[in-house]
Amino acid sequence: MKKRLSTDRVISLGAGLILFGMTGFYAIPGMIADGAGGSKLNNSFYCSVMSLTTVGFGDICPGEMDIVGRIFLTILPLFGLGFFCGPIMDLASSWQTMVPGGAFSVGSLTLMMGVSMLTTVEELSYSEAVHLCVITGTTIGYGDLTPRSDAGRFFLALYAIANINVMGGLLDFGREFLESYCAERDESLDVPSGSPKRPIRTAVKSEEIAGLTKEKAS
Numbered sequence: 144m145k146k147r148l149s150t151d152r153v154i155s156l157g158a159g160l161i162l163f164g165m166t167g168f169y170a171i172p173g174m175i176a177d178g179a180g181g182s183k184l185n186n187s188f189y190c191s192v193m194s195l196t197t198v199g200f201g202d203i204c205p206g207e208m209d210i211v212g213r214i215f216l217t218i219l220p221l222f223g224l225g226f227f228c229g230p231i232m233d234l235a236s237s238w239q240t241m242v243p244g245g246a247f248s249v250g251s252l253t254l255m256m257g258v259s260m261l262t263t264v265e266e267l268s269y270s271e272a273v274h275l276c277v278i279t280g281t282t283i284g285y286g287d288l289t290p291r292s293d294a295g296r297f298f299l300a301l302y303a304i305a306n307i308n309v310m311g312g313l314l315d316f317g318r319e320f321l322e323s324y325c326a327e328r329d330e331s332l333d334v335p336s337g338s339p340k341r342p343i344r345t346a347v348k349s350e351e352i353a354g355l356t357k358e359k360a361s
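To convert, count from 1 in the sequence shown and add 143; that's our numbering.
If you are wondering where the hints come from, they were derived from the structure by calculation, not from laboratory data.
Given the structure is predicted, the values throughout are model-derived calculations rather than measurements.
We put the beta carbon where it would ideally sit given N, CA and C, even for glycine.
Check each hint, because a few of them may be wrong.
Stated by the list, open to error - Derived Cβ-Cβ restraints for the label pairs, each shown as a range:
| id | residue 1 | residue 2 | range |
| --- | --- | --- | --- |
| 1 | Gly-245 | Leu-162 | 32 to 38 Å |
| 2 | Pro-220 | Ala-158 | 15 to 21 Å |
| 3 | Ile-218 | Asp-315 | 28 to 34 Å |
| 4 | Phe-247 | Lys-183 | 38 to 44 Å |
| 5 | Thr-217 | Gly-312 | 27 to 33 Å |
Start from the sequences and build out the full structure, keeping to the hints where you can.
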């Protein structure tokens, strides 16, 4: 039986992992590129989230890091794959259950939120904003388009947390189609055209048996 997770514990775990990542990016030399610009604290939050969600644009982090930084970035993704991308992001994406209209409405709202934010804060074109939303939501993270401002990095990090699992759910129809298309047919269940068919046995209800018994007795 699937256990019900405590919302408070999941939120605490998520906040703790983000804080752990922020501490490493902020304190360890070379974790953030020298020319990143903006607030170091905000950049640490951005890099922590992009690592934990496995988006990993590679735009401002990592920089010229040493062995300590490499060890840290070896440990942090393990937490991202094991803990953060599981119950934490499932909880963060639970808002989609409150949206009527199914997958189309959820997908439209997801893109609308991201595009509105990026065109306003980062002044991207609509095509660039849609591209960045999809690349972030699918965790591909090409890095060809990335936020430049503190506000853009902060909001895109929040967008990643709230929408990556939503985007994954929207892609389920593709997975289901491929599974049904590629599934092997069990030929042992096929009956050859010339073979005799087995008689079909039908269940007789106890009431019918009792009725037949009474007719014979009379």
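Quick rundown of the hints versus the structure:
1. Gly-245 / Leu-162: 32 to 38 Å: holds (36 Å)
2. Pro-220 / Ala-158: 15 to 21 Å: holds (18 Å)
3. Ile-218 / Asp-315: 28 to 34 Å: Since the Cβ atoms of Ile-218 and Asp-315 sit about 31 Å apart, the hinted range of 28 to 34 Å holds.
4. Phe-247 / Lys-183: 38 to 44 Å: This hint holds: roughly 41 Å between Cβ atoms.
5. Thr-217 / Gly-312: 27 to 33 Å: With a Cβ separation near 30 Å, Thr-217 and Gly-312 satisfy 27 to 33 Å, so the hint holds.
Hint check: no violations occur; every hint is consistent with the structure.
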